[in-house]
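Asks: What follows is each chain in one-letter form.
Number of protein chains: 2
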Amino acid sequence: MPETVLVVLPSPTVADAPADPVRADPAVPLLRVDDLGVSRGDGIFETVNAVGGHPQALGAHLARFARSAAMLDLPTPAAEVWRRAVHEAVAAHPPVPELLVKLVMTRGVEGSGRCSGWVLAFPNADATRVRTEGVAVLTLARGYPADVMTTAPWLLQGAKTLSYALNMAALRHARTKGADDAIFVSSEGEVLEAPTSSVVAQFGDRLVTPPCDLGILEGTCQGRVFAWARGRGLATAVERLTVDDLHRAGSLWLCSSGRLATPVRELDGVPRTWDAALHTEVLAHLLTVHE
Amino acid sequence: MPETVLVVLPSPTVADAPADPVRADPAVPLLRVDDLGVSRGDGIFETVNAVGGHPQALGAHLARFARSAAMLDLPTPAAEVWRRAVHEAVAAHPPVPELLVKLVMTRGVEGSGRCSGWVLAFPNADATRVRTEGVAVLTLARGYPADVMTTAPWLLQGAKTLSYALNMAALRHARTKGADDAIFVSSEGEVLEAPTSSVVAQFGDRLVTPPCDLGILEGTCQGRVFAWARGRGLATAVERLTVDDLHRAGSLWLCSSGRLATPVRELDGVPRTWDAALHTEVLAHLLTVHE
Chain A
0 MPETVLVVLP SPTVADAPAD PVRADPAVPL LRVDDLGVSR GDGIFETVNA
50 VGGHPQALGA HLARFARSAA MLDLPTPAAE VWRRAVHEAV AAHPPVPELL
100 VKLVMTRGVE GSGRCSGWVL AFPNADATRV RTEGVAVLTL ARGYPADVMT
150 TAPWLLQGAK TLSYALNMAA LRHARTKGAD DAIFVSSEGE VLEAPTSSVV
200 AQFGDRLVTP PCDLGILEGT CQGRVFAWAR GRGLATAVER LTVDDLHRAG
250 SLWLCSSGRL ATPVRELDGV PRTWDAALHT EVLAHLLTVH E
Chain B
0 MPETVLVVLP SPTVADAPAD PVRADPAVPL LRVDDLGVSR GDGIFETVNA
50 VGGHPQALGA HLARFARSAA MLDLPTPAAE VWRRAVHEAV AAHPPVPELL
100 VKLVMTRGVE GSGRCSGWVL AFPNADATRV RTEGVAVLTL ARGYPADVMT
150 TAPWLLQGAK TLSYALNMAA LRHARTKGAD DAIFVSSEGE VLEAPTSSVV
200 AQFGDRLVTP PCDLGILEGT CQGRVFAWAR GRGLATAVER LTVDDLHRAG
250 SLWLCSSGRL ATPVRELDGV PRTWDAALHT EVLAHLLTVH E
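Residue numbers (numbering that gives the first Met the number 0), protein chains in the order written: chain A, 0 to 290; chain B, 0 to 290.
Calculated directly from the structure, the hints in this document are not laboratory data. Fair warning: this is a prediction, and the values are worked out from it, not measured in the lab. Do not take every clue at face value.
Unchecked claim - So, partial list: chain A residues that the calculated Cβ filter (under 8 Å) puts toward chain B: (1) L29; (2) V32; (3) S38; (4) D72; (5) L139; (6) G142; (7) T160; (8) L161; (9) L165; (10) A168; (11) S186.
Just so you know, even glycine gets a beta-carbon here, dropped at the ideal spot from N, CA and C.
Just chain A, with the same shape it has in the complex (with noise of 0.2 Å):
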């Protein structure tokens, strides 16, 4: 594993006694098989983007941990030590222009009572392009109706958790019909997410994402669009959107820390375009440090 760095956290959470990160090798394994984020995916992420050593929006990942963490009942990660880890983690790599750094944090061995966290960093894959050539995208069901996570809190929608293998599956079967990407829709036809990102449209001089009370992730990269946006005269809004909604939008974009805003070239075979000024120029605020 060239050029990866391991910072293994031996206290994660609040209810353990304070002890300082640590590092490790990332070649060597580091989990039993009895960890509970191994044998029932229990466990939560984030995926941090470090532009130019920075990492972006540490704060907004660190709350969605805790909020993650609070929806499987998981004790309360220990959000200062989380973010040494990552500097740490940072600080520790050779430099690159950007560097993914991944926070996992799982229920740990069974019956320990002691959770397992570690932060892993590693250059990000060249995303530049599909940042700039666009993904062609198939909107896949989700299966679940909008109000899920009201109604079905044991769901865990709207948890970052480890159980992601239906989201891999996805993009899978995405593949295999020719797409690059997948965008759920819920049960109503209304669009939810992808599965590792966030689903923003431009509607003229307005940008629209949907609610994450449809049991969908509050995208951090989306956050941060949206706060460009506001910035630059261009008003923002949660709303709910049906797939009709998206093939009428002008720009549409899959948000995430790693491929920052991945404009949507195609959805479900028809080709589309997007606003090119618009697009690099938020694509150069999402590779600027601002928080």
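Once you've looked at the hints, dock chain B against the given chain A.
Replies: This is chain B only, laid out in the frame that chain A set:
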């Protein structure tokens, strides 16, 4: 981790060059943090009960393991190597009445193209109390319609994956409501399965379980119960059931390899009884070596 045996499979799939399973110390970490089984819950598992040293229904478990692998586009598990690993783990363990043997295969370290595989054997926690006293069960929405497996295969319903965070959350939710376990119900109100077991309902001299095309697992213990039932002159049927049907049933069981046939003593707060003689008989059968 007292009385636990770990056997690692260097070559878990038919795509690998053959290599013998090897014993390893279960207290020593086995997995890197970038194993996709950890980072994405991207893998499959089975839990076999070895009674008096005999792994029950191992053929049925291995067949389901292979079906789960296919649904996740994983390479086919090398059945004979897994069989050997299971027998090695059982043979290496001090004799106990019931030994749970967990088979796990993950997509492996990201980018390696090699699956990770292991078998972990540990004594079955004494399930005598729940098997004889029964469990209180809450029905919970699974959020999906009954046709989800055929209309949206990327949701992986019917595959036994490591992405079990929601199954664990459903059990925690049931416990906060004073119940011991849950039964998932489709959005149309059809009975599906429990988070870690299958549902079998008795109507006179017929036993009924819901069909797998609802996107549920084919229960290995349920299969053994049905085989026993037919052998003693009961009829068996795979039919759709509603929660009302469950209330009308005679005995109602949750069936799994670990807890075998556990009677439901309360459903959604309504106390229920079961045929004690029949229950004693089915438990005795399940604890007898047959296959």
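Asks: Tell me, which hint numbers fail for this structure?
Replies: Going through the list in order, the structure violates no hint and respects every one.
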